[in-house]
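Enquirer: Protein sequences, first through last, are from chains A and B. Heads up: the first sequence begins at 0 in numbering that gives the first Met the number 0, then just goes up one per residue. Heads up: the second sequence begins at 0 in numbering that gives the first Met the number 0, then just goes up one per residue.
Treat the hints with caution; some may be incorrect.
[What the hints assert, rightly or not] A few chain A residues facing chain B, derived, Cβ under 7 Å:
#, residue
1, Lys54
2, Ala80
3, Pro83
4, Glu232
5, Pro250
6, Leu251
7, Leu275
8, Cys279
9, Met285
10, Asn286
11, Ala289
12, Val292
Because the hints were derived from the structure by calculation, they are not lab data. All values reported here derive from a predicted model rather than from experimental measurement. Think of the CB as a built atom: it goes at the ideal place given N, C-alpha and C, for glycine as much as any other residue.
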Amino acid sequence: MLLWFGGNVPPKRRTLPPTLAALAQKRLLFFAGKGGVGKTTVTAAVACTLAQQGKKTLLVEFDDNSRAARLLGLSSTDRHAAEPQQVSPSLFVLSTSGQIALKEYLHLIIPFKPVLRAIVESRAYQYFIAAAPGLKELLTMGKVWYEERKREAATQQPLWDIILVDLPATGHSLQYLRMPRAAHETFGGIISRESERIAAVLNDAEKTAINLVTLPDELPVSETQEAYRQLTEELDLPLGALFINRVHSAPLSTEILKTVSLHGRMSPGERQVIDLILRCGQTEAMNAEAQVVRVQPLYNLSLPIVFLPVVGSEGASKTIVEQLSRVMTTVADESPPRDNTNRRKRSRADYTPHVTRET
Amino acid sequence: MLPEKPELNALLASHRVLVCVGSGGVGKTTTAAALALWGALSGRRTAVVTIDPAKRLADCLGIRPGSSPEKPIPPELFASYGLQPTGTLTALLVDQQSAWDAAIARYAPTPEIRDRIFANRFYQGLSRTLSGSHEYMAMDTLALLVQQGTYDLIVVDTPPTRQALDFLEAPQRLQRFLDSRARAWFTRAPGTRTWSALSAVNRTTTFLLRKIEEATGISALSEISEFFTTMQAMFDDFGERFQRVSQLLTSAETAFLLVTSPEYTVLAEAEEFYHGLTQMGITLKAVVVNRVHDEWLAVSPSATERRRLTERLRSLLPLSAEQEPVVEWLVKNFFAYQHLAREESTRLAQFTDTFSASPLLIRVPALPAFPADLAGLTLLNHYLFSSPAERPLRRRARKR
């Protein structure tokens, strides 16, 4: 795996499909979605794709469990390091949390180590970080902002070409996005001024895009609609793309397969395998048909959609992130799953996202 | 490889509390609901304590947010699905915010103080974001239910946490957090206008809080103090209640069940759950693996065989020229499926090899749509409780 990420093989630079190409122009990409939809995998795959394009990419995750770092093959010690860890020449991962960010922040205000340690170990401190309204979220966002502002000492160019943030599961992720503005409005002092600057970057459509990740299943679809509503109506943040993960597709309808009857002589063993092949195709076609119906509501959102097929079938030599990254740059972008049902005739236009936002 | 046994029924029959643990997104809530339905169908007064059910599942279980009086699912609803339970099924929703608010309303001495607490920013932060309070409320609900004795079987769906055992450890953390000595720093000393935090030697605390006040503009001290002063009575209760829940969870009445899926990252987390539970002295009784793709062939055909099969299928299927690519797709799809199934079964075998004890292992196939009503739950129960041989042939082609 490291071979691929580490790149003894020169990376192939494919021209990115339009949606990904647009995302590649930003500085900050956030990924939000319900737990279990493969958000971390999708984020890691986008990060790999951008890194392969030669962009110096930082993937940030807000999680003590460091899922992304694990997916990208980092050892457990590297996973918990305070500084970004290198995965490939241009891909770095940083696992951070509110606790770590607050400690770092306090270190800036209180440079004396013994005093700092006494504070961090005190019960009062534990109280405060656990319960201070949104402090954890605010400081974690502050950490992202801080990475965004880092410059190369020699050239004064940004240290990172692009930063991707894997946010925690939906409800909570909006909390992170909401916090800087809320903090600016409710707090006073230094925090108010700093959160205003963070909020300004978040709201800058030139620099930032919030992306949603979902599955073509009932609950994730309705959660995505809700997250979209909050992002557009309440938070008014610039949106990027909607990634629909694990999409089944079939070039035939279940109707055709029902009419199939096998002719000719076959051995029982052969008949069994042929039977299984048909049955398996039938299941996949059924899944695909059910999903086409379930994702319908998502076509009404003003968001370009990236469809990602079910991967994991190419052999153990390739990781799931690698496979997903590959399909992203080839077929996946904006090619909707086929609808083979006769329920209603659909045209390509039905699937074309209505992108109305100005960038 | 662990034996796959139809003994989940026995497990349910011999325990009073079932706790479902596992990562988010693996079908934990649905599995808990299915187990509870089975309990009701087998004649027990059953409750399912759930955190965040899908809307349709919540509707079918009769859960309405904000409606506190618990009502069992009406017999008519069961009847409409052709079910005739001899027991009852009641679903209870744990809502962190409203549980805290209810507690405040209960303990606040006057309506004015209650409203002041509701408006207190420290309280708002605590009740919404304090890690562990969701878990605590679930535990608290469980303790209350067991104490009331209204139910023979209580199935608990735990909050989706990535951190392995947040659910079990969080209440303990919360208890430490609210422990009386620590609270004393913030509580007004009787008859004085100063906080004990200021009069005490703990200068670091005072210094930190001053810094926080400077940085945030929030009068941290007074807000925290007011909150704790008002809530004294409630917090004194916490310790005892938590003790009861802890005892219950490690008692023989309770069984832990791990819900997972065969994906790589999920299984890695499931392994952490397993080790965490073991360290806490809790034996895992069953593992439910959702979304498993069954291996249909014991040995995958070779590449030559694959080409021959494609040709054979082409000659067998009456397809038009336009439909020709379908044959290639059918074969490719089958082999992809077969490969996926093989990988999953390898991963599952590696996973169960790490177990020192032998919990029950139950595989549930990847269903076209995850259950969201009583019919779906009944189907899920079919996979959970029937022995492999009794399962529909559709999924067990090898048995043909």
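Enquirer: Are the hints correct? Go through all of them and say.
Expert: Results of checking the hints against the structure:
Against a cut-off of 7 Å between C-beta atoms, the interface hint on lysine 54 (chain A) is violated, since the closest Cβ of chain B lies about 25 Å away. At its closest, the beta carbon of alanine 80 (chain A) sits 18 Å from a beta carbon of chain B; the interface hint therefore is violated under the 7 Å criterion. For the restraint placing proline 83 (chain A) at the interface with chain B, the shortest Cβ-Cβ distance is roughly 21 Å, beyond the 7 Å limit, so the hint is violated. Annotation: interface hint on glutamate 232 (chain A) violated; nearest CB of chain B at approximately 20 Å, more than 7 Å.
Checking proline 250 (chain A) against chain B: minimum C-beta separation of about 5 Å stays under 7 Å; hint holds. Using the Cβ-Cβ criterion of 7 Å, the hint placing leucine 251 (chain A) at the interface with chain B is satisfied: the shortest such distance is roughly 5 Å. Taking 7 Å as the C-beta contact cut-off toward chain B, the hint placing leucine 275 (chain A) at the interface holds, the least distance being around 5 Å. Proximity of cysteine 279 (chain A) to chain B holds as hinted, the smallest CB-CB distance being about 5 Å (cut-off 7 Å).
Nearest Cβ of chain B to the Cβ of methionine 285 (chain A): about 6 Å, under the 7 Å cut. The hint holds. Given the 7 Å rule on beta carbons, the hint for asparagine 286 (chain A) holds: about 6 Å separates it from the nearest Cβ of chain B. With 7 Å as the threshold, the beta carbon of alanine 289 (chain A) comes within range of chain B, its nearest partner Cβ sitting at about 6 Å, so the hint holds. With 7 Å as the threshold, the beta carbon of valine 292 (chain A) stays out of range of chain B, its nearest partner Cβ sitting at about 10 Å, so the hint is violated.
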